[in-house]
Amino acid sequence: MRIAIRPAAVLMTLSLAAAALAGCSEEAAGDKDPAGAGACKPADVKLVGQVRNESNPYEASWLAGGDAFAKSVGLTQQRLTYGGDSTKQQEQISQLLAGDTKCLVMNVLPNGDSDTAPIVKGADKAGAFLVTQWNKPADLKPADYKTWISHITYNGVESGKQIGDALAKSIGGSGGIIALQGVLDTAAAKDRFAGLQASLKENAGVQLLDQQTANFSRAEALTVTKTLLTKHGDKVKGIWAANDDMALGALEALQQAGKSGKVAVVGIDAVPDAVTAVQNGTMTATVSSDGTWQGGIGLAIGFCAATGKLQVKDIAADNRAFYAEQFLITKDNAAQFAQPKTDPADFDCANVFKRVAGPLK
Amino acid sequence: MTVTTGVAASRRIIRRGAAFRDAGPPVALVVIFLIFAALSPQFRSIANVQNIVDAAAVLAVVTCGITFVLMMGSIDLSSAGVMGASALTVSLLVANNRNDNDFGLAGIAAAIVLGCAFGFLSGLALVLLKVPSFMATLGVSAIGLGVATLMFAGVQPNISDAMLKSWAIDRFLGLSYLTWIAAACILAGWLIQRYTRLGRYAFAIGGAEEVLTLSGVRVKPYKVAVFTVAGAFYGLAGVMVTSQLGAGLVQAGNGYDFSAITAAVVGGTLLTGGRGGILHSTVGVLLVMVLTNGLVQIGVSPYWQGGVEGLIVVAAVAAAVIPQRRRNQVVK
Amino acid sequence: MPLIALVGLVVALTVADPDFLTLRSLTAVSRTAAPLIVLAAGATLIVLCGGIDLSIAALASLSTVLLALWLPDLGGLATPVVIAVAAAIGAVQGLAHVLLRIPSFIVTLGGMSILSAVALVVSGAGTVRVVDDSTVKWLELYVAGYVPMSAAMALLVVALIAAVVKATPLHSWISATGYSESAARLAGTPVDLVKIGAFCVSGACAGFAAVMLVSRQFSGGPTMADNLLLPAVAAIVVGGTAITGGHGSLWRSLAGALVVTLLRVGLPIVGVPSAYEQILYGVIIVVAVALTLDWSKVSIIK
Amino acid sequence: MSVPAEREPATSAPVPALEVRGLVKHYPGVKALDGVDLVVRQHEVLGLAGENGAGKSTLLKALVGLVTPDAGEIYVRGGAVKLRSVVEAANHGIGMVFQEQSLVPNLTAAENILLGSEGAAVRRGVYRWDVMRRLAQEQLDKIGSKIDPLARTDTLSFADRQMVEIAKVLRIEQRSQHPPVIILDEPTSVLESKEIDTLFAQIRRLREFASVVFVSHRLDEVLDVCDRVTVLRGGQSVGEVATAGAVPRELHRMMIGSTGSDDHYHENAAEPVEAEQPRLSVRGLSGKSFRDIDLDVAAGEIVAIVGVHGSGREDVCRALFGIEPTSAGEIRMDGKKISLPNTRAACAAGIGYVPAERKIEGMVGPMSVAENMTLTKQKARCAGPFVVPKKQAGLVDRWIERLSIRTPTRDTAIQRLSGGNQQKVVLARWLIGGDIRLLLLDHPTRGLDIGARSEVYRLMRELAASGVATVLLADSLEEAIGMADRILVMNDGRVATEVGCPSGGKPSPLDLVKEMV
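Sequences listed follow chains S, P, B and H, in order.
All letters in the first sequence, in the order written, are residues 1 to 361 by our numbering.
All letters in the second sequence, in the order written, are residues 1 to 332 by our numbering.
All letters in the third sequence, in the order written, are residues 1 to 302 by our numbering.
All letters in the fourth sequence, in the order written, are residues 1 to 517 by our numbering.
Careful: at least some of the hints might be erroneous.
[Claimed, not checked] Computed cross-link-like contacts, DMTMM-like style, restricted to lysine to aspartate or glutamate with a CA-CA straight-line distance of at most 25 Å:
#1 S/Lys125 to B/Asp132
#2 S/Lys46 to B/Asp19
#3 S/Lys121 to B/Asp226
#4 B/Lys166 to H/Asp411
#5 S/Lys125 to B/Asp19
#6 S/Lys141 to B/Glu140
#7 P/Lys220 to H/Asp411
#8 B/Lys137 to S/Asp124
#9 S/Lys146 to B/Asp226
#10 H/Lys359 to B/Asp192
#11 H/Lys82 to P/Glu210
#12 S/Lys259 to P/Asp170
[Said to hold, decoys possible] Label pairs and their in silico Cβ distance ranges:
#13 P/Val27 to B/Thr14: 52 to 62 Å
#14 H/Asp148 to P/Val27: 49 to 59 Å
#15 H/Lys82 to P/Leu128: 48 to 58 Å
#16 B/Leu77 to H/Ser404: 39 to 49 Å
#17 P/Ala23 to H/Arg458: 50 to 60 Å
#18 B/Val92 to P/Val300: 18 to 28 Å
#19 S/Cys349 to B/Thr14: 30 to 40 Å
#20 H/Pro385 to P/Leu187: 37 to 47 Å
#21 B/Leu77 to H/Lys391: 39 to 49 Å
#22 H/Ala151 to P/Arg44: 36 to 46 Å
Keep in mind that the hints were calculated from the coordinates and are not lab data.
Each residue gets a CB set at the ideal place from its N, CA and C atoms; glycine is no exception.
Construct the complete structure from the given sequences, taking the supplied hints into account.
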């Protein structure tokens, strides 16, 4: 029967129900009391590492680092990946926080700056221990929260400038370069590009011929570089890429254009392939960011806090949001970084802030 | 069109309409090319034209595959996943930094066969489970990505196979080997479309599937076969991307699904099936590539590039459609 | 049928992880699913008319940016204004589809790129944070302590649209347009208006989904909702609405959206590794469609 | 020639090419076939007549393996066979030209002819176009057609496509060593008279090397081309008539079980038209395929427009409903000038249109009878913007009864009804609003049997009597002459002449044909 009544009835019931339910609350009922700091037995701690995906080397090494740390304390890490999908990340976090959050430790890579706030607020409300990395808006500070222990990142402006300077040096201080930007909507991309601009100011002879986004992607970098090479021809002396994946894509493009070795290429992240490339001279420089360490340290800080070995309120303000150490990798020191070394001692509760390079500006 | 009368005349209208319809995209290609050439001297350089054609190679191969599916009136979103799986397969089977395999051509063949297998799976889901191709191929794409991630296992496989690497680097008559491979694919696709039962039946399925059944043709095997052939093209495309990037990436096929559909449709292949073909799609691929390249060359802000592309794609289709729009024509 | 798939999935997830079946957890699922439900509900109308809307996610992203930008100046007024603007953008696409006679697939594919570009430019390619979210915060409340407001609102949107469609000639008009556009036109059905209307409502739904996202994320971003496109289409089809048009309903899409959300969120939470998660997602979604599709209503499967 | 002992020979002639005994087929609620017997002799043209619902199409489907009968036997050249698919039927030499043309529009004629039985034209999956062309040409030569085998099918005229169909069905000779049995299901329903003549010539030729089963609702045609006619009624064979000397009325009586009225077109019900002002007045209307059309239709008048294929009459009709664009001219309804930019405007002006392609344009197959009937005049079932189910039910039931539409319920999908009942629902769509002023009927009886036609004619008379003006594009000249008060002859996009056609003073078909070509 085709009757118009049924949905209408649903509608009416619904509005009636809404009217009957006098109050709305901010919380779902049956809420538990937030975890007291550091009351957990080590065996009760639940370790969660969340990154975009397992299908790129950097984030795969992050998860591997997390696994290694978890193993060292006799636990396993729950791996979550959200495929670079902000909404999926939020959905996973809110589902996670709907479970048992008492001894939950999360080491999270927010997809973008904007994704950090809801994760932090959710974790704070549920009392889960949280360490975030890379992305956060400037005015959101861990110090204002109880269980958001720390935010770790690398100084993008500095790394952008470091490789910019290295590039300028390798092309002899003058000539045209092109820049491959990352995903435009991320702080990392913007900071790194700001670093390049600062470097350009100091190296007046270097001229930025063109800049295009290749979305941190090796394949896109290949196409964009090819096009830009055609557009600017031999004027291009160097290529600045906001990450190593794009730098590697640019290397392929150079090879295909028959310009291998004639154009200097720099990137950031120190993924193994890039380090190898720096080592054998096809790439000029990259900046280290240690995925394995990042995957472990976030969980380590959280674990220490959850088990009470580290009191959140005792942590120095500078350590609540900090830049981690980073190194410019050139041919001279590349061999050192060819095998990423992570010292288990780094994850001791006393040492977790050993690699702090300075407070977040 | 002028006033015409009589049976013969009305038949002529149909033919002329068909000719006009087919002429639209090539004309648009030429016009857009000329506009960019007028705006940018770099654009019209030989090197850039080579660059455009080279850059079109992978998309052309993917589009070859998808065209057969579109001709049937189905749709295929599996290319992203299939290409990822095939890229990982080939990079782990030829000489690489992850293991001691060095199967060379056999590895490439294996990747293409894997592509076939995924296509076969899509076809089976469509035919046996009666899942619309949109969803069947979306599911297969997810499966492909999962398989690729499994093979990836955290470490990027870099290829060191000289032959596969040379495909992207060495040139013949000014164009890279990959471009010639794509040209061969287009030729093969055209031959399949024109001279094989599979191609003609794919075309016929898009025209009037029920008629084939009434004529005693068992349609289902052909549907599965078409998806399998499409899968082979995606598999090869995955190999080609691997050759270009020198490494096996899970994301090797990112974005190719919608780009290929766009290219095919811009070229005049109908989503409802039964019209268009490989050559139409090739024109579409060139159109899309000329656009992408031209916008960079004339210095359009990267923010706006996607938007301008979208606008021009809509405009190109509109320009091709408007001359023959009829009041009671159904547009879905 | 989509209900059976839904229940089956919940049972399977519970077996995999008994902790999954808790009130809090189910509440979280319904809250998570809300934007997807609204997005899919709007697009269902277009699919019923025989078209498809690939721009919903990009439009929702743009709307999050606009809302975040306008909240400081317009306050509570920003929400209705954004929904109205999104509806207008939807209607413009509908007009382009109807007047220029371009297939909806192409119009909305182009629309997707254009809207993304506009969002990037308007936002300066960055996230726009919402400092004072008091006017959208109500969506984060819980009705009667258990039902998330966003889920209740999503249900209300579906119920409202479904009821209006069912109780008016719109049902006949939409089905006729979807099953056989030429017959509908020759019967004097306002086919063009119905289509434009469907695009308009789909746009408004994208706008409302954007409001939900902003209230959840405290910010707007030019790519925030982009990844919801394929899940939304999947939700419609898993619900059993024929992608060729005519047959289906919004209620089916509601069930479909819940299934898709469970797959997106439930699988990783119960501990399925990422690679297997994707494989399972692919397999389950195909099987779910196979189960929910009413073959008797759809003769040829393309 | 030996005859199987257990079977009594139907005639003294050789074994029949095809024989059906006691075929039974049940559908839910309906007994479509109730013990049909049928004999097709070798080298004869057998007519099959019967009203819609008499079981014709089920019988034909059973003969080509599309329907499996519940009981009964089919014998091919004396041997009992089971036909489970089109291919099996073809292997036994039985092939059918379907009512809706079954050609793939975007393939060449040659491919269509050889579809499913390419033989030497496809070697290991690869096409050999030269062979294909030759084989197809052979088929076309058999029936003396001059079509280019490599022409795309959708560029051919309707009659040519019919030839392609026949050429295609003759391919079954390749599958069986015996003379084939060719079934033609309503092959003439959309052909113009000249094309029908060509077709009949082909059928007579076919008889040389095949047996033919010819199905048509036009009894004069059946008598013209067939040697013998078997009449079906209620799923049973009720009689057999040798055509020599038979008259349509005799057949008609057998089909409906009693003597039909002589007054097939209900001319008694025609009332003289008197009106000072025409309801519809068209002056100088021009469009893509017609020019300077002047046309007046008074309230209560039926005006038929006749013309050959391509005369532009369909387009005039569609222009009056706002489908086909016009470039010049004016249209007045009851003296008031109106413009028709789209079908909505036409509906608002009180114009209704029944399209020729009922299944594609006339109705929405999967939707219910009620929804199809109320699709246009939504107001009739609504209160304000809302549908009132009770109001709709009452309204629809009233019209189902009034037009005696045979449907299980008002919520049955319209595609499950017979053609005549579908057409009645489509007609009812324009009547339920009560505001219809002008009806445009494009081949309203196409594909309907005598009974259904008669009812449609009666309905047209009733409407005319109630003051509705009607423009009719008739299925045949006879129909035009029988129904119309006035006939416009169109030729090459213009009105060639206008002929008065009052009851008792009807022109002869010949007079009209002269002007048409």
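Going down the list of hints, with the structure as the test:
Restraint check for S/Lys125 and B/Asp132: the C-alpha separation of about 19 Å stays at or below 25 Å, so the hint holds. For the hint linking S/Lys46 to B/Asp19, the alpha-carbon distance of about 14 Å falls within 25 Å, and the restraint holds. Simply put, S/Lys121 and B/Asp226 have alpha-carbon atoms about 23 Å apart, close enough for the 25 Å limit, and the pair holds. Taken as a hint, the B/Lys166 and H/Asp411 pair is honoured in the structure, with Cα atoms around 15 Å apart against an allowance of 25 Å.
A C-alpha spacing of about 20 Å is found between S/Lys125 and B/Asp19, which places the hinted pair at or below 25 Å, so the restraint holds. In summary, the hint linking S/Lys141 to B/Glu140 is supported, as the alpha carbons are separated by about 22 Å, within the 25 Å threshold. Under the criterion of a C-alpha separation no larger than 25 Å, the hint pairing P/Lys220 with H/Asp411 is inconsistent with the structure, at around 34 Å. Under the criterion of a C-alpha separation no larger than 25 Å, the hint pairing B/Lys137 with S/Asp124 is consistent with the structure, at around 17 Å.
For the suggested pair S/Lys146 and B/Asp226, the alpha carbons sit about 33 Å apart, so the restraint of at most 25 Å is broken. For a cut-off of 25 Å, the pair hint linking H/Lys359 to B/Asp192 stands: about 22 Å separates their Cα positions. With a C-alpha separation of about 23 Å, the suggested pair H/Lys82 and P/Glu210 falls inside the 25 Å cut-off, and the hint holds. Our distance criterion of 25 Å between C-alpha atoms is met by S/Lys259 and P/Asp170, whose separation comes to about 13 Å.
Checking the proposed 52 to 62 Å range against P/Val27 and B/Thr14 shows it holds: the Cβ atoms sit about 60 Å from each other. For H/Asp148 and P/Val27, the hinted distance range of 49 to 59 Å is not satisfied, since their beta carbons lie about 28 Å from each other. For H/Lys82 and P/Leu128, the Cβ-Cβ distance of about 27 Å falls outside the hinted range of 48 to 58 Å, so the restraint is violated. The hinted range of 39 to 49 Å is not satisfied by B/Leu77 and H/Ser404, whose Cβ atoms lie roughly 60 Å apart.
The hint said 50 to 60 Å for the Cβ distance between P/Ala23 and H/Arg458, and at roughly 52 Å that hint holds. One distance hint, 18 to 28 Å for the beta-carbon pair B/Val92 and P/Val300, holds here, with the actual separation near 23 Å. Take S/Cys349 and B/Thr14: their Cβ atoms lie about 37 Å apart, and the range 30 to 40 Å holds. At roughly 59 Å, the beta carbons of H/Pro385 and P/Leu187 sit outside the given window of 37 to 47 Å.
Taken as a hint, the range 39 to 49 Å holds for the pair B/Leu77 and H/Lys391, whose Cβ atoms sit roughly 41 Å apart. For the pair H/Ala151 and P/Arg44, the supplied restraint of 36 to 46 Å holds, since their beta-carbon distance comes to about 42 Å.
Checked against the numbered hints given earlier, the structure breaks hints 7, 9, 14, 15, 16 and 20 and satisfies all the rest.
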